[in-house]
Amino acid sequence: MKAFSYARATSPAEAAALAARTEGAKFIAGGTNLLDLMKLEIEAPTHLIDVNGLKLDAIEATEAGGLRIGALVRNTDLAADARVRRDYGLLSRALVAGASGQLRNKATTAGNLLQRTRCPYFYDTNQPCNKRKPGSGCAALNGFSRQLGVIGTSSACIATHPSDMAVALRALDATVETVKPDGATRVIPLADFYRDPGETPHLETVLAKGELITAVVLPSPVGGTHIYRKVRDRASYAFALISVAAIVQKDGTGRVALGGVAPKPWRVAAADAELPRGGKAAADMLLAGAKPTHHNAFKLTLAQRTLSAVLTEAKG
Amino acid sequence: MKFDTPAGINPIDQLKVIGIPTDRIEGPLKTTGTARYAYEQYDVAPHQAYGYVVGAAIPRGRITAMDLAAAKAAPGVIDIVTWQNAGELGKGPRNTARLLGGPEVQHYHQAIALVVAETFEQARAAAQLVKVSYEAQPGTFDLDASRKTAKPASGGVTVGTFEPAYDSAPVKLDATYSTPDQSHSAMEPHASVAQWKDGRLTLWTSNQMIAWAAGDMARTLGLPRENVRIVSPYIGGGFGGKLFLRSDMLLAAVAARLTGRAVKVALQRPLIANNTTHRPATIQRIRLGATPEGKLTAIGHESWSGDLAGGKPETAVQQTQYLYAGAARATKMYLSVLDLPEGNAMRAPGEAPGLMALEIAMDEMAEKLGIDPVEFRVINDTQVDPSAPQRPFSKRDLVTCLRTGAEKFGWDKRNPRPGQSRQGGWLKGMGMGVAFRNNLLTASAARVRLDGQGMVTVETDMTDIGTGSYTIIAQTAAEMMGVPLNKVRVHLGDSDFPASAGSGGQWGANCSTSGVYAACVKLREAIAQKVGFNSGDAVFADGAVRSGNRAVPLAEAAGAQGLEAEDRIQFGDLGKTYQQSTFGAHFVEVRVDAATGETRIDRMLAVCAAGRILNPKSARSQVIGAMTMGVGGALMEELAVDAGRGFFVNHDLAGYEVPVHADIPHQEVIFLDETDPLSSPMKAKGVGELGLCGVSAAVANAIYNATGVRVRDYPLTLDKLIDALPVVG
Ligand SMILES: Cc1cc2nc3c(=O)[nH]c(=O)nc-3n(C[C@H](O)[C@H](O)[C@H](O)COP(=O)(O)OP(=O)(O)OC[C@H]3O[C@@H](n4cnc5c(N)ncnc54)[C@H](O)[C@@H]3O)c2cc1C
Ligand code: SF4
Numbered sequence: 016m017k018a019f020s021y022a023r024a025t026s027p028a029e030a031a032a033l034a035a036r037t038e039g040a041k042f043i044a045g046g047t048n049l050l051d052l053m054k055l056e057i058e059a060p061t062h063l064i065d066v067n068g069l070k071l072d073a074i075e076a077t078e079a080g081g082l083r084i085g086a087l088v089r090n091t092d093l094a095a096d097a098r099v100r101r102d103y104g105l106l107s108r109a110l111v112a113g114a115s116g117q118l119r120n121k122a123t124t125a126g127n128l129l130q131r132t133r134c135p136y137f138y139d140t141n142q143p144c145n146k147r148k149p150g151s152g153c154a155a156l157n158g159f160s161r162q163l164g165v166i167g168t169s170s171a172c173i174a175t176h177p178s179d180m181a182v183a184l185r186a187l188d189a190t191v192e193t194v195k196p197d198g199a200t201r202v203i204p205l206a207d208f209y210r211d212p213g214e215t216p217h218l219e220t221v222l223a224k225g226e227l228i229t230a231v232v233l234p235s236p237v238g239g240t241h242i243y244r245k246v247r248d249r250a251s252y253a254f255a256l257i258s259v260a261a262i263v264q265k266d267g268t269g270r271v272a273l274g275g276v277a278p279k280p281w282r283v284a285a286a287d288a289e290l291p292r293g294g295k296a297a298a299d300m301l302l303a304g305a306k307p308t309h310h311n312a313f314k315l316t317l318a319q320r321t322l323s324a325v326l327t328e329a330k331g
Numbered sequence: 004m005k006f007d008t009p010a011g012i013n014p015i016d017q018l019k020v021i022g023i024p025t026d027r028i029e030g031p032l033k034t035t036g037t038a039r040y041a042y043e044q045y046d047v048a049p050h051q052a053y054g055y056v057v058g059a060a061i062p063r064g065r066i067t068a069m070d071l072a073a074a075k076a077a078p079g080v081i082d083i084v085t086w087q088n089a090g091e092l093g094k095g096p097r098n099t100a101r102l103l104g105g106p107e108v109q110h111y112h113q114a115i116a117l118v119v120a121e122t123f124e125q126a127r128a129a130a131q132l133v134k135v136s137y138e139a140q141p142g143t144f145d146l147d148a149s150r151k152t153a154k155p156a157s158g159g160v161t162v163g164t165f166e167p168a169y170d171s172a173p174v175k176l177d178a179t180y181s182t183p184d185q186s187h188s189a190m191e192p193h194a195s196v197a198q199w200k201d202g203r204l205t206l207w208t209s210n211q212m213i214a215w216a217a218g219d220m221a222r223t224l225g226l227p228r229e230n231v232r233i234v235s236p237y238i239g240g241g242f243g244g245k246l247f248l249r250s251d252m253l254l255a256a257v258a259a260r261l262t263g264r265a266v267k268v269a270l271q272r273p274l275i276a277n278n279t280t281h282r283p284a285t286i287q288r289i290r291l292g293a294t295p296e297g298k299l300t301a302i303g304h305e306s307w308s309g310d311l312a313g314g315k316p317e318t319a320v321q322q323t324q325y326l327y328a329g330a331a332r333a334t335k336m337y338l339s340v341l342d343l344p345e346g347n348a349m350r351a352p353g354e355a356p357g358l359m360a361l362e363i364a365m366d367e368m369a370e371k372l373g374i375d376p377v378e379f380r381v382i383n384d385t386q387v388d389p390s391a392p393q394r395p396f397s398k399r400d401l402v403t404c405l406r407t408g409a410e411k412f413g414w415d416k417r418n419p420r421p422g423q424s425r426q427g428g429w430l431k432g433m434g435m436g437v438a439f440r441n442n443l444l445t446a447s448a449a450r451v452r453l454d455g456q457g458m459v460t461v462e463t464d465m466t467d468i469g470t471g472s473y474t475i476i477a478q479t480a481a482e483m484m485g486v487p488l489n490k491v492r493v494h495l496g497d498s499d500f501p502a503s504a505g506s507g508g509q510w511g512a513n514c515s516t517s518g519v520y521a522a523c524v525k526l527r528e529a530i531a532q533k534v535g536f537n538s539g540d541a542v543f544a545d546g547a548v549r550s551g552n553r554a555v556p557l558a559e560a561a562g563a564q565g566l567e568a569e570d571r572i573q574f575g576d577l578g579k580t581y582q583q584s585t586f587g588a589h590f591v592e593v594r595v596d597a598a599t600g601e602t603r604i605d606r607m608l609a610v611c612a613a614g615r616i617l618n619p620k621s622a623r624s625q626v627i628g629a630m631t632m633g634v635g636g637a638l639m640e641e642l643a644v645d646a647g648r649g650f651f652v653n654h655d656l657a658g659y660e661v662p663v664h665a666d667i668p669h670q671e672v673i674f675l676d677e678t679d680p681l682s683s684p685m686k687a688k689g690v691g692e693l694g695l696c697g698v699s700a701a702v703a704n705a706i707y708n709a710t711g712v713r714v715r716d717y718p719l720t721l722d723k724l725i726d727a728l729p730v731v732g
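Protein sequence lines, in the order shown, are assigned to chains A and B.
Under our numbering, the residue at position 30 of the first sequence is numbered 45, and the numbers go up by one with no gaps.
Under our numbering, the residue at position 469 of the second sequence is numbered 472, and the numbers go up by one with no gaps.
The set of hints was computed from the structure by calculation and includes no laboratory data.
One should not assume that every hint holds.
What the hints assert, rightly or not - Ranges between beta-carbon positions, derived for each pair:
(1) GLU56/A to VAL47/B: 29 to 37 Å
(2) HIS310/A to SER171/B: 52 to 60 Å
(3) PRO668/B to GLU56/A: 34 to 42 Å
(4) MET4/B to GLU56/A: 55 to 63 Å
(5) ARG288/B to ILE203/A: 37 to 45 Å
(6) SER115/A to VAL402/B: 42 to 50 Å
(7) ALA285/A to ASP147/B: 40 to 48 Å
(8) SER115/A to ARG288/B: 36 to 44 Å
(9) PRO24/B to HIS310/A: 46 to 54 Å
(10) ALA206/A to ASP26/B: 56 to 64 Å
(11) ARG98/A to ARG603/B: 30 to 38 Å
All C-beta atoms, glycine included, are put in the ideal place defined by N, C-alpha and C.
The task is simple: from the sequences and hints, build the whole structure.
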């Protein structure tokens with residue numbers, strides 16, 4: 016870990032401005048991802064702007080009938096919120112499927128969206144990794160890639176985005192609210208929030224330098240049966256091999272997003288349309304054009320089978 | 004004391020303290036965080052500096068340049084140890100690779116430097132500034148591909164003529180299995196604090212075998228053995244990973260010598276998998292021949308494993324020599340030179356991976372024969388060493404383990420036809436496997452003191468790696484001296500104490516308590532003599548020594564001076580004239596998600612026959628811990644080899660998964676009530692490794708019973724099942 020300076024921000028706009036002006040600055044929220052990465056010097060900020068005091072920790076109703084979730088709301092609190100549990104069960108279930116109780120007590124909504132990949136080569140600074148060190152190559156491509164992505168990847172990086180929460184948010188059509196260094200705010204649909212890796216896998220989101228997430232907004236509830244199914248090698252405390260987030264209505268229509276397969280929560284409009292025809296049809300749409308490796312080709316079968324089982328479960 | 008005739012009745016048989024389920028005597032220290040583990044020995048030496056290890060970034064080659072300037076100039080840095088300033092370093096006989104590499108690099112994350120600074124954070128930051136240039140050399144990293152060039156290794160047996168017996172067998176099985184490299188993954192990382200005083204080194208560390216560590220440290224540093232003191236009172240898990248001198252110990256010692264400061268080093272978690280030892284992967288071919296009635300007529304077991312040049316094979320065929328009757332057998336091992344990190348012992352080396360394969364093979368054969376798997380084992384039980392029938396087993400009650408286990412578990416409810424039991428979205432199945440581990444006997448010494456307050460103090464360099472050594476040693480002394488447990492103090496893990504058997508090979512409990520027994524016999528004689536009793540008549544009970552009508556309290560007998568005795572148990576030929584082993588049967592029920600192939604364990608039962616159980620409470624802990632490890636081995640544990648880049652990729656606890664609480668359901672352990680007077684005066688053996696043997700195969704067999712899919716490559720992750728599971732939806 017490199018030595019760094021530290022300051023507490025007093026307002027979101029000030030935090031953003033400070034972050035844009037200070038070379039090597041980064042926000043710190045729960046710190047559960049950032050500090051681990053700093054210890055290994057995968058991230059090496061020289062200035063930390065603590066956003067914990069920004070009072071962005073409320074969950075409030077929006078005029079449109081949805082919920083605005085403050086960027087600093089802890090994962091534990093979000094999962095336990097009565098409105099979330101009643102109207103957005105998918106989100107609650109995705110959250111408690113992630114990490115551990117202690118981590119969720121610290122982890123925040125924004126931090127969770129911005130957590131970085133769990134590719135093992137990304138974590139080993141002796142190895143080439145385009146995401147960690149642009150242009151150095153990708154060790155995973157010909158290496159151990161069992162956990163890594165099968166779709167939406169590029170020849171420069173096949174890493175996945177590891178968040179469970181983000182998969183549920185994607186299925187719920189969430190949007191991200193931010194404040195920019197100049198004080199302007201904007202709203203970014205989660206669908207447009209993560210970039211494709213292309214040749215620049217180190218650039219992961221569309222956020223500008225210094226741009227601060229202030230909230231995540233959920234549109235009004237859509238009803239239906241909410242199922243988050245996370246598949247992993249052990250019963251708890253492991254990242255997803257794949258996960259399925261589905262909202263299924265009584266008539267069989269609905270929405271679905273996949274986790275553990277791509278550099279972002281994976282949703283394809285055409286796949287939603289196929290849902291009434293069953294898991295196989297929808298999975299075929301979701302995973303059309305997939306480029307798995309020898310190690311992770313099983314994810315295609317797994318995703319399809321899990322989706323089918325989820326749809327069966329939804330029928331009750 | 005020489006133990007060379009079967010044990011008769013002795014004071015241990017009173018079972019007033021021994022055999023009673025007893026809480027750990029050091030438990031309160033551990034639960035309150037006051038037990039001092041190696042890295043927490045902050046007050047044993049003043050001004051401790053912190054070391055941070057730099058591991059090699061390539062698996063094989065040479066360091067061509069090392070630029071230390073920036074690191075040396077970093078805040079707080081005191082010095083940097085490399086091969087260039089470490090001084091002449093030898094190598095102990097138990098290490099294959101050198102613990103400090105350079106200029107030659109022998110494996111990935113081999114230590115090549117230790118940055119020493121005033122604080123841990125400074126050392127860590129400066130370590131990133133060390134710039135190393137390498138000239139990489141190609142290496143061999145793929146066990147399967149290396150089999151062509153593997154060399155036969157010694158350690159196999161031949162009985163009769165296997166090939167013709169196998170060829171003519173009416174029912175045959177020929178199958179190949181694989182087990183992966185595994186990491187011990189102890190909770191406590193390898194850690195040490197080193198200090199030099201007047202040419203003498205003291206090392207507070209975390210090590211299972213104090214005498215080995217002291218000897219190998221002296222040899223590596225070129226010191227007289229008496230100039231090394233190793234202290235290791237508490238150990239946060241070892242599993243074989245702390246049997247030997249490791250890099251934290253050596254680097255702390257060298258850094259302390261170089262800097263004139265006390266230096267502490269803990270191996271960083273991401274370094275442990277590649278820097279330390281691991282259980283080597285195996286590929287095993289098993290051929291079984293049997294009569295239609297289920298009698299084995301031919302047993303063939305070959306195993307391939309790899310290690311660095313000069314290393315040893317994983318002895319996965321070990322149990323096959325003894326476990327089942329059968330006229331003809333051949334076991335063979337082959338060893339490849341691999342340039343992966345160093346392989347070595349991990350809990351139940353040999354038998355753990357060996358039984359992972361053999362006990363699936365037995366399940367497969369039972370099915371071919373149409374015989375119940377439990378019955379098949381019973382039919383092939385033997386009471387003698389099959390390769391030397393004149394050698395009986397000292398005690399072998401495997402059949403009772405099998406029958407008791409089958410009854411308690413409800414084995415009769417198992418549907419022998421696989422893939423037939425469905426419960427909602429789950430496929431249910433039961434499986435079993437036999438546990439077998441040899442009983443190894445090693446000399447062990449102890450010193451016992453009785454003081455004027457009637458307190459008994461035991462000193463031995465035996466270690467407690469979380470197993471409960473403190474408690475069984477206290478129980479032994481209490482039983483022998485006729486005092487309650489709270490009148491016994493136990494000091495362990497110091498090379499200034501008499502050398503014990505140490506903690507390894509599940510010999511620790513039996514051998515170290517036997518050493519304490521021997522010392523107590525001597526102390527009893529000294530006490531009897533002092534108070535003028537004939538030692539044969541003296542009875543030690545209720546804190547006094549009694550003969551006829553006269554009783555003298557022990558405190559009084561000891562007097563102000565106290566009395567002390569030291570002895571060493573040495574084992575004669577009973578281990579040669581008799582085959583001594585421990586036995587068990589594991590039963591497991593699993594459910595497999597019919598859609599995803601995820602396996603969840605529903606319940607587990609182990610029945611063990613392992614001589615006298617000294618403390619049923621800690622013995623049970625050992626077995627349930629081992630069963631948990633067996634679940635890990637069956638379902639998830641695998642050091643993933645990058646055969647191109649030559650290292651274990653998943654080198655932290657996020658990547659190397661071991662079971663969490665949610666994976667472990669109801670576990671039950673039954674110990675048969677037995678003694679083995681041929682093993683030791685304690686009539687005990689060991690259970691710490693036995694508990695792991697055969698578990699993973701029982702899980703694998705249960706998965707087969709649930710799904711009808713036979714997987715022969717561990718771990719049995721869902722990707723190996725999913726293509727063969729029934730259609731969903
Ligand atoms: C052992 C372990 C297991 C885990 N398992 C899972 C799992 O199974 N599933 C899962 O989904 N996650 C898992 N996680 C990840 C966990 O969810 C994340 O670490 C956590 O959500 C990050 O939130 P944080 O507030 O601690 O973020 P921090 O670590 O504080 O920050 C993460 C990133 O977000 C940036 N950031 C924070 N707040 C803002 C803001 N308001 N605006 C802009 N940028 C911001 C920071 O600069 C940093 O780059 C696991 C983590 C660990 C350590
Ligand atoms: S997959 Fe991406 S994160 Fe992993 S090594 Fe390649 S570039 Fe790095």
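Against the structure, the hints:
1. GLU56/A to VAL47/B: 29 to 37 Å: 32 Å, holds
2. HIS310/A to SER171/B: 52 to 60 Å: 43 Å, violated
3. PRO668/B to GLU56/A: 34 to 42 Å: This hint holds: roughly 41 Å between Cβ atoms.
4. MET4/B to GLU56/A: 55 to 63 Å: 57 Å, holds
5. ARG288/B to ILE203/A: 37 to 45 Å: 58 Å, violated
6. SER115/A to VAL402/B: 42 to 50 Å: 44 Å, holds
7. ALA285/A to ASP147/B: 40 to 48 Å: Once the Cβ atoms are compared, 42 Å apart, the range 40 to 48 Å for ASP147/B and ALA285/A holds.
8. SER115/A to ARG288/B: 36 to 44 Å: 42 Å, holds
9. PRO24/B to HIS310/A: 46 to 54 Å: 47 Å, holds
10. ALA206/A to ASP26/B: 56 to 64 Å: The hinted range 56 to 64 Å holds for ALA206/A and ASP26/B, with Cβ atoms some 58 Å apart.
11. ARG98/A to ARG603/B: 30 to 38 Å: 32 Å, holds
Against the hints set out earlier in the document, violations occur for numbers 2, 5.
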